[in-house]
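Assemble chain P onto chain E, guided by the hints.
Just so you know, the protein sequences line up as chains E and P, in that order.
Start counting the first sequence at 334; every next residue gets the next number (this note's numbering).
Start counting the second sequence at 601; every next residue gets the next number (this note's numbering).
Read the hints as simulated data drawn from the structure, not as lab findings.
All clues given are correct.
Using 35 Å as the maximum straight-line C-alpha spacing, the simulated DSBU-like pairs for lysine-lysine come out as follows: (1) P:K823 - P:K604; (2) P:K818 - P:K604; (3) E:K367 - P:K823; (4) E:K367 - P:K818; (5) E:K367 - P:K604; (6) E:K367 - P:K607; (7) E:K367 - P:K811.
If the Cβ cut is set under 8 Å, some of the chain E residues that face chain P in the computed set are: (8) A349; (9) Y350; (10) K367; (11) I375.
Note that CB positions come from ideal geometry on N, CA and C, so glycine has one too.
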Amino acid sequence: MPALPLDEAGKYVAGAYVVFLTLIVVYVAILGAKIARIDREITELAAEDEE
Amino acid sequence: MYSKGLKPLSVATVVTLATAMALVFFYAPLDADQGFVQKIFYVHVPMAIVALCGFVAGGVMAIRHLRSGDRSWDMRSYVAIHISIILGVGVLVTGSIWAKASWGHWWVWDEPVLVSFLVVFLLYCVYYPLRFSIEDPERQARYSSVFAIVAGAFVPLNFAAVRLAESYTHPRVLSQTGGSLPGDMRLTFLVSLLAMALLFVTLWKLELTAKHASMQLKRLRRKLAEREAVTA
Numbered sequence: 334m335p336a337l338p339l340d341e342a343g344k345y346v347a348g349a350y351v352v353f354l355t356l357i358v359v360y361v362a363i364l365g366a367k368i369a370r371i372d373r374e375i376t377e378l379a380a381e382d383e384e
Numbered sequence: 601m602y603s604k605g606l607k608p609l610s611v612a613t614v615v616t617l618a619t620a621m622a623l624v625f626f627y628a629p630l631d632a633d634q635g636f637v638q639k640i641f642y643v644h645v646p647m648a649i650v651a652l653c654g655f656v657a658g659g660v661m662a663i664r665h666l667r668s669g670d671r672s673w674d675m676r677s678y679v680a681i682h683i684s685i686i687l688g689v690g691v692l693v694t695g696s697i698w699a700k701a702s703w704g705h706w707w708v709w710d711e712p713v714l715v716s717f718l719v720v721f722l723l724y725c726v727y728y729p730l731r732f733s734i735e736d737p738e739r740q741a742r743y744s745s746v747f748a749i750v751a752g753a754f755v756p757l758n759f760a761a762v763r764l765a766e767s768y769t770h771p772r773v774l775s776q777t778g779g780s781l782p783g784d785m786r787l788t789f790l791v792s793l794l795a796m797a798l799l800f801v802t803l804w805k806l807e808l809t810a811k812h813a814s815m816q817l818k819r820l821r822r823k824l825a826e827r828e829a830v831t832a
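If we strip away everything but chain E, and leave its shape as in the complex, we get (with noise of 0.2 Å):
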């Protein structure tokens, strides 16, 4: 197939990128919900444990 012209193959390109940035964007912001809920839980660990 001959090359696709720029303002098609664009929307191929982008789609690619946006699906790699979307994944590890999605997968470190579940990461960090998931620290957040962690540290949430020490602090009140320890406010327990104070009391």
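The following block gives chain P in isolation, referenced to the frame of chain E:
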């Protein structure tokens, strides 16, 4: 324990990823055959290589678990496979986008590279139900390790079988004769590969840190509950 060196590693990953993106879009020349669409190559192929290496690394860590009986190696193996599966999703989606742009089809069943990667990906999808269907932690770790070793050994075999196949449509970038990539494209590819490898290690360490903290929290809760029961 696992968080040691995570901060500089994260910075190095972000810098290398940004450098790789800059090289892809501002340095690497347009491919004479595929044009701008070939830029997908710099994200798709490194992701595939790192995902496959992650599967093999998971197998090696599983061997260490079975040899030492140390469950932390099973956790390391599990996280490596988990991240490789996530990257695998990215490989399949970006591969489909590239296939549509280059060949006019979202999926080509007679292309050995695509199909073999799908086979490996589906094989590893079995890992989750296998692991989480076993409640006893010792047995869970042992069975998961056996699976990780067998599947990990299948990955290079599968790769070799594809290399021996006759029809090639993917560019040969890492062949013994030097491949078909010109110098500036090769440099961009290698930086992208390094960025992807650093990303894998960073996510692996981050996930292990979260898992380790979660386990310590559970242990702490249990101890606190035991202490309260004694004092009550």
